[in-house]
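In order, the protein sequence lines correspond to chains A and B. The first sequence: position 266 = 460 (the working numbering), numbered continuously. The second sequence: position 9 = 472 (the working numbering), numbered continuously.
The hints are simulated quantities; they were obtained by calculation from the structure and are not laboratory data. Hints are supplied without guarantee of correctness; some may be wrong.
[Stated by the list, open to error] SDA-like mimics (lysine to any residue), calculated; alpha carbons at most 20 Å apart, straight line:
#, chain 1, residue 1, chain 2, residue 2
1, A, Lys301, A, Ala250
2, A, Lys388, B, Asp553
3, A, Lys388, B, Asp580
4, B, Lys555, A, Ala250
5, B, Lys773, B, Val676
6, A, Lys213, B, Asp580
Quantities reported herein were computed from a predicted structural model and do not represent experimental measurements.
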Amino acid sequence: MASGHDVSRGASRQALRWKEVRELSRHRTLAFIRQPEAVFWVFAFPMVLAAVLGFAFQSGEPAKSHIALLEGAHANRLLERLTADERVELTRFPDVAAAERALRSGKVDLFLTDPAASPPALRLDPVRAEAESARLRVLVALGELDEDALALDTVEEKGSRYVDFLFPGLLGMNLMGTGLWAIGFAIAELRQRKILKRLLVTPMRKSSFLASFLVSRLFFLVLELVLLTAFGFWVLDVPLRGSIVLFALVSLLGATAFAGLGLLCASRVKTIEGVSGMLNLVMMPMWLGSGVFFSYERFPDAVQPLLRALPLTALNDALRELMLDGSGVRDILPEVLVLALWLVVPFVVALRVFRWS
Amino acid sequence: MRPVPAALALSARSLVKRFDDLTAVDGLDLDVHAGTCLALLGPNGAGKTTTIEMLEGLTQPTSGSIEVLGLQWNGSANAIRERIGVQLQDTKLQEKITTFETLRLFQSFYDAVRPIDEVLEMVGMTEKRGARVETLSGGQHQRLTLACALVGRPELLFLDEPTTGLDPQARRRVWEIVETFKTEGGTVLLTTHYMEEAQRLADRVVIVDAGRVIAEGTPSEVIAGLEAESIVELFPAGGTAERLADDALLVLPGVREVRREGSGVTLVVTDTQASVGALLAHLGEVGVALESLQTHAPTLEDVFMDLTGKHLRDG
Ligand SMILES: Nc1ncnc2c1ncn2[C@@H]1O[C@H](COP(=O)(O)OP(=O)(O)OP(=O)(O)O)[C@@H](O)[C@H]1O
Ligand SMILES: [Mg+2]
Numbered sequence: 195m196a197s198g199h200d201v202s203r204g205a206s207r208q209a210l211r212w213k214e215v216r217e218l219s220r221h222r223t224l225a226f227i228r229q230p231e232a233v234f235w236v237f238a239f240p241m242v243l244a245a246v247l248g249f250a251f252q253s254g255e256p257a258k259s260h261i262a263l264l265e266g267a268h269a270n271r272l273l274e275r276l277t278a279d280e281r282v283e284l285t286r287f288p289d290v291a292a293a294e295r296a297l298r299s300g301k302v303d304l305f306l307t308d309p310a311a312s313p314p315a316l317r318l319d320p321v322r323a324e325a326e327s328a329r330l331r332v333l334v335a336l337g338e339l340d341e342d343a344l345a346l347d348t349v350e351e352k353g354s355r356y357v358d359f360l361f362p363g364l365l366g367m368n369l370m371g372t373g374l375w376a377i378g379f380a381i382a383e384l385r386q387r388k389i390l391k392r393l394l395v396t397p398m399r400k401s402s403f404l405a406s407f408l409v410s411r412l413f414f415l416v417l418e419l420v421l422l423t424a425f426g427f428w429v430l431d432v433p434l435r436g437s438i439v440l441f442a443l444v445s446l447l448g449a450t451a452f453a454g455l456g457l458l459c460a461s462r463v464k465t466i467e468g469v470s471g472m473l474n475l476v477m478m479p480m481w482l483g484s485g486v487f488f489s490y491e492r493f494p495d496a497v498q499p500l501l502r503a504l505p506l507t508a509l510n511d512a513l514r515e516l517m518l519d520g521s522g523v524r525d526i527l528p529e530v531l532v533l534a535l536w537l538v539v540p541f542v543v544a545l546r547v548f549r550w551s
Numbered sequence: 464m465r466p467v468p469a470a471l472a473l474s475a476r477s478l479v480k481r482f483d484d485l486t487a488v489d490g491l492d493l494d495v496h497a498g499t500c501l502a503l504l505g506p507n508g509a510g511k512t513t514t515i516e517m518l519e520g521l522t523q524p525t526s527g528s529i530e531v532l533g534l535q536w537n538g539s540a541n542a543i544r545e546r547i548g549v550q551l552q553d554t555k556l557q558e559k560i561t562t563f564e565t566l567r568l569f570q571s572f573y574d575a576v577r578p579i580d581e582v583l584e585m586v587g588m589t590e591k592r593g594a595r596v597e598t599l600s601g602g603q604h605q606r607l608t609l610a611c612a613l614v615g616r617p618e619l620l621f622l623d624e625p626t627t628g629l630d631p632q633a634r635r636r637v638w639e640i641v642e643t644f645k646t647e648g649g650t651v652l653l654t655t656h657y658m659e660e661a662q663r664l665a666d667r668v669v670i671v672d673a674g675r676v677i678a679e680g681t682p683s684e685v686i687a688g689l690e691a692e693s694i695v696e697l698f699p700a701g702g703t704a705e706r707l708a709d710d711a712l713l714v715l716p717g718v719r720e721v722r723r724e725g726s727g728v729t730l731v732v733t734d735t736q737a738s739v740g741a742l743l744a745h746l747g748e749v750g751v752a753l754e755s756l757q758t759h760a761p762t763l764e765d766v767f768m769d770l771t772g773k774h775l776r777d778g
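Work the whole structure out from these sequences, hints included.
Below is the structure:
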């Protein structure tokens, strides 16, 4: 090459790297936002999900207990008391078989076989939590149980409703999904289209290529976080009691950890189908076991340490503590450490096993 | 004869590539002089892509040495990449990105670059500047990947089957682009199944089969190696073909070789006039009616047929 190029090589190299990171990031970002369906799943879907679930569980009215009764079961004074109870809804069935069917399919929570007996004869599925509360309500309504003994202390305070529990979990789940998909899917696509191979015969630095994924991920993370958190804050009334800076940092840490995991998942797979299966396999245990929709403490003690070691569990716990309890950095240190480990290990492994061609 | 250029843009010695028990490239030597075009010609599975990808530094050779623009892949990889342009056999560019955006991305990797509008002009895609890749035709997509190879101002261009799957007109446009690049002093290594392509673009051809070089030289040298004046193809009318015996045809004056394919018979002849005259007389004697008879000057395809008994491409 002409020696004229070499004079300012040092400076121009540096400028060139910025330029290639910028162009690669732009390419990434455009390729994403020009796919409306991808934008929907990343931004609109979690909001819709949070809204639907949030509103469904938000209303002040407790869910009613559905009680099955046989037609013609003679009305007595006790039964009137049951009918008067707002928390109970009675359904009449023509015969025992029909009532049993309704009980089995969960249409009713409890089948009152003989309301006049003392204690009243009833059938229920003890595994279902709704059945237990239905039994208590029936016993109270029929005067078999003293209401005071139940000492109901209603949770309506902001920050302790189901939606408050749910929202940080949805946020965490979303950061996981977008992190894994954005990186894993994009890389598998580039490989399948042979673009990765094509880039390899250019002087592009591999570090620029990887950096561009982090840049475009960061860009969307900010959007995602601001939009979803604002939605939670203004629409669902979910509090953010801890430091907002800490909240942003933890989200960033979580998002980056999932990006690294996405990179690892995509480091060898050749096709989009391959990476889809792999990502679902990775996400499945966390959807269930990381306390998104219900607390993971319901799982047996033996698996608790395992669940706590999952990145989504750590992220969800940290987000919940920050949003709901207003915890400081010390309280969430264990979770931060788990996330940091999930950031470093997959990233290092991914860089080692990554196949460019 | 053209003067032999001094510098070698590309050279490979005893190149071997094995995949498990299959030897895809089996001791290949290649030299491409700066400013010339070399065509690697061969049928499917001959090892063309494997060879070109080793030269591009994408595939590690099992053994052998490669020098690109006087540099070795080991140690000077980025210096080489800065100076070469590559079109892979089948890259599918990102669909949602426009022509211009794609070129701007590739341009950002290089030190010395060609302005995007100039590249678009070169490949005749100026009107498609703002079009998304998903809206481009096959030929346009192919020209865009060619443009991506040109935007870094390469000295050496690698093209792996640049015109496969294109219609004749689109093919000709690609040829013109490659010719423009050559007139500007560029060096080209291309692979192809099409002998017309090699004959038109290449200063030298290397014919490979099963990973080995079976003939090489300028197109006319390679064709001269066939030692034939023309190729005669005849199709006997239905039912009379079996009256023609290969032995009887071979002893006709000027006939060097006889090949059969389906109902057709192909003769490689050294003296067209004598052979065709004797052939027609022989056909009359044995009572063979002709459906058609054609003669043509030998091509690279005929050389390939002669050497391997196979076609470069089917159909
Ligand atoms: N990664 C690989 N693993 C195993 N075998 C391979 C691999 N790549 C190529 N081959 C084999 O090596 C041989 C040469 O393949 P190559 O792609 O180089 O042929 P080609 O001349 O480019 O053919 P085509 O005209 O079809 O593109 C083929 O038999 C192919 O199956
Ligand atoms: Mg090939």
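Structure-based check of all given hints:
Note on Lys301/A and Ala250/A: the hinted pairing holds, with a Cα-Cα distance of about 18 Å set against a maximum of 20 Å. Taking the CA atoms of Lys388/A and Asp553/B, the gap is about 7 Å. The hint holds against a cut of 20 Å. For the hint linking Lys388/A to Asp580/B, the alpha-carbon distance of about 25 Å lies beyond 20 Å, and the restraint is violated. For the suggested pair Lys555/B and Ala250/A, the alpha carbons sit about 46 Å apart, so the restraint of at most 20 Å is broken.
Taking the CA atoms of Lys773/B and Val676/B, the gap is about 15 Å. The hint holds against a cut of 20 Å. For a cut-off of 20 Å, the pair hint linking Lys213/A to Asp580/B stands: about 19 Å separates their Cα positions.
Going through the hint list in order, the structure does not satisfy hints 3, 4.
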